[in-house]
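**Student:** Sequence lines, in order, name chains X and A.
Counted from 1, the first sequence has number 13 at position 12 by the numbering used here; the numbering is strictly sequential.
Counted from 1, the second sequence has number 60 at position 52 by the numbering used here; the numbering is strictly sequential.
Treat the hints as calculated values from the structure; they're not laboratory data.
Watch out, some of these pointers could steer you wrong.
[Stated by the list, open to error] Computed beta-carbon distance windows for the label pairs:
| id | chain 1 | residue 1 | chain 2 | residue 2 | range |
| --- | --- | --- | --- | --- | --- |
| 1 | A | 91 | X | 47 | 26 to 36 Å |
| 2 | X | 137 | A | 39 | 50 to 60 Å |
| 3 | A | 146 | X | 294 | 15 to 25 Å |
| 4 | X | 141 | A | 56 | 21 to 31 Å |
| 5 | A | 28 | X | 297 | 26 to 36 Å |
| 6 | X | 69 | A | 96 | 46 to 56 Å |
| 7 | A | 124 | X | 69 | 33 to 43 Å |
| 8 | X | 86 | A | 91 | 26 to 36 Å |
| 9 | X | 291 | A | 152 | 44 to 54 Å |
| 10 | X | 47 | A | 124 | 26 to 36 Å |
| 11 | X | 144 | A | 131 | 55 to 65 Å |
| 12 | A | 102 | X | 137 | 46 to 56 Å |
| 13 | A | 153 | X | 28 | 23 to 33 Å |
Backbone N, C-alpha and C fix where the C-beta goes; we use that ideal spot for every residue, glycine too.
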Amino acid sequence: MDTRSNGQPVVGLLYNPAVPYIIDQVGDLVQYIEVIPDRFWYDFGTDAQHGRFHWVHDAVDTLRRCAGGRVIAGHGIGLSLPSAMPLDAELLDQVAAIAEDIGFSWYSEHMSMFLTPHSSIPNAQAGLGLPVVYDMDTFEILRAKIRQLKDALGCPLLMENGSIFTPIPYVEMTEPEFFNRLYDELDCGMLLDLHNLYVSWRNGAASPEDYLEELNPDAVLEIHMAGGDELAGFYTDSHSRLTPPDVWTWAREYVPRFTRLKAITFEFHESYFSRLGVEGIAGELERLHDLAASCSTVKSEVYA
Amino acid sequence: MLEHFQQAFADLIASPELVIRVRDNPEIIRANYEVSDVEFHRLISIVNHPGMECNCMLYRANRLVPIAMNLPKLCQALGDDLNSLLSDYWSEFKRTDVHFLLESDRFLQFVFDKLERGSRVRERVGDVLEQEAAALRARIANSYSTENVKERQPTEDHEERRNFGTDKSPLRRGKFT
Chain X
2 MDTRSNGQPV VGLLYNPAVP YIIDQVGDLV QYIEVIPDRF WYDFGTDAQH GRFHWVHDAV
62 DTLRRCAGGR VIAGHGIGLS LPSAMPLDAE LLDQVAAIAE DIGFSWYSEH MSMFLTPHSS
122 IPNAQAGLGL PVVYDMDTFE ILRAKIRQLK DALGCPLLME NGSIFTPIPY VEMTEPEFFN
182 RLYDELDCGM LLDLHNLYVS WRNGAASPED YLEELNPDAV LEIHMAGGDE LAGFYTDSHS
242 RLTPPDVWTW AREYVPRFTR LKAITFEFHE SYFSRLGVEG IAGELERLHD LAASCSTVKS
302 EVYA
Chain A
9 MLEHFQQAFA DLIASPELVI RVRDNPEIIR ANYEVSDVEF HRLISIVNHP GMECNCMLYR
69 ANRLVPIAMN LPKLCQALGD DLNSLLSDYW SEFKRTDVHF LLESDRFLQF VFDKLERGSR
129 VRERVGDVLE QEAAALRARI ANSYSTENVK ERQPTEDHEE RRNFGTDKSP LRRGKFT
């Protein structure tokens, strides 16, 4: 199946230890794998005596087997680009090494803050990255770091919208304006996480439809779909369930407008694999293929 | 300045106690961080937003993950004392070690130190602590034995993936199985 020939985006999964099994069972449905580089090494810290990074080569070998014949992209969680501090150059070197080894078609990072000079915001299960201030200070921080990343990785770069529980007020730009500007000025595409929009909306943010209308559709190069859980009256991005119906409604209405879309990704956390099952995930992938089939109007110059 | 704003935000989600104090006395922010007026008002708005409760919960849940994964019996043995021990630990170590085994080992050492100072949980957790410490340190040693990065030659398949979506040679027909 050549999705490129009819201009459709590829469909796939965020890689986790359950994905090799899924590929063994229903590999035909998985055209694309999104890889979190940090999962393939142990980071012993900057003052480690025997080298900071120790790679888990068995895991890399398994990934390499799964990667055969599929599109692969990197999806970073460790660089925390919007933080007002320098990039972790040693970590970037490792990301560049795995990008070179596996062959990333593009690389995405989060528009969220996970690091400050004196602390970190862990992101182990339900997503928690702190929202960023949408102003020119943040934009200039990103301008410099995106250039560094592009130079190091040699592939296109995307930024992903986060789920937000506490919006930051008194900002210069809305989030869609900020992403549009990243695309216009820095040639940095958007990874649009539709479930993150749903999470923010469920927790009091403005209408996702308004958000999607404001977004430049040409900026969107990848879509994330996922499901989450209730937690003490809030709704979280726990990657624990299939995509909720509201998200599907937005996807069916807006995704065909994203004429440069390259990939649609279903995210689940491996700890919920037994709940979702291969059949559940296969069903979701089939629905994503139907969604991809609605995107047959890709501009020819994009893939020329 | 942005650096101080971000640090204040991170400190607040890590400390529900600080959130409560700032709600009562917003000037705590100006006393501890160099923030502009607009940054100050942003932080006060955030602190009083209902979603701050969720930020604090998720922070604690995510920091608990490595410890609960790697030291399940210790967590169980600590029982009602776990919550306050974790709060003390997270207050002292504000940055999670991304190597989850090392993060868990640091918490183990923290509990050991508490026991040395005569914590009342000693009798309940002593044996469990020793057992899980031994198992954890074996796993840490094993993680050290993995290799450092090696250079590899790119394959043809790799080159095609890197070129996907660019104006270089596209993926061939039938490559997506």
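**Student:** Measuring from beta carbon to beta carbon, are residue 291 of chain X and residue 152 of chain A in 44 to 54 Å?
**Tutor:** holds, 47 Å
**Student:** Could you say whether the range 46 to 56 Å given as a hint is met by the Cβ separation of residue 69 of chain X and residue 96 of chain A?
**Tutor:** holds, 49 Å
**Student:** Holds or violated: 46 to 56 Å for the Cβ distance of residue 102 of chain A and residue 137 of chain X?
**Tutor:** About 29 Å separates the Cβ atoms of residue 102 of chain A and residue 137 of chain X, which means 46 to 56 Å is violated.
**Student:** Taking the CB of residue 86 of chain X and the CB of residue 91 of chain A, does the distance hold inside 26 to 36 Å?
**Tutor:** holds, 31 Å
**Student:** Looking only at beta-carbon atoms, does the pair residue 144 of chain X, residue 131 of chain A fall within the given range of 55 to 65 Å?
**Tutor:** holds, 58 Å
**Student:** Does 26 to 36 Å hold as the CB distance between residue 47 of chain X and residue 124 of chain A, or does it fail?
**Tutor:** holds, 28 Å
**Student:** Using the beta carbons of residue 153 of chain A and residue 28 of chain X, state whether their distance is inside 23 to 33 Å or not.
**Tutor:** holds, 32 Å
**Student:** Taking 26 to 36 Å as the stated bounds, is the beta-carbon spacing between residue 28 of chain A and residue 297 of chain X within them?
**Tutor:** The hint (26 to 36 Å, Cβ to Cβ) is violated, given that residue 28 of chain A and residue 297 of chain X are roughly 54 Å apart.
**Student:** Just to be sure I understand the hint, the distance between the Cβ atoms of residue 137 of chain X and residue 39 of chain A should be within 50 to 60 Å; is that true here?
**Tutor:** Violated, at about 28 Å.
**Student:** Measuring from beta carbon to beta carbon, are residue 146 of chain A and residue 294 of chain X in 15 to 25 Å?
**Tutor:** violated, 50 Å
**Student:** Is it true that the C-beta distance of residue 124 of chain A to residue 69 of chain X lies inside 33 to 43 Å, as the hint says?
**Tutor:** Violated: the Cβ-Cβ distance is about 53 Å, outside 33 to 43 Å.
**Student:** Note whether the CB distance of residue 141 of chain X and residue 56 of chain A lies within 21 to 31 Å or breaks it.
**Tutor:** holds, 29 Å
Of the numbered hints listed earlier, those contradicted by the structure are 2, 3, 5, 7, 12.
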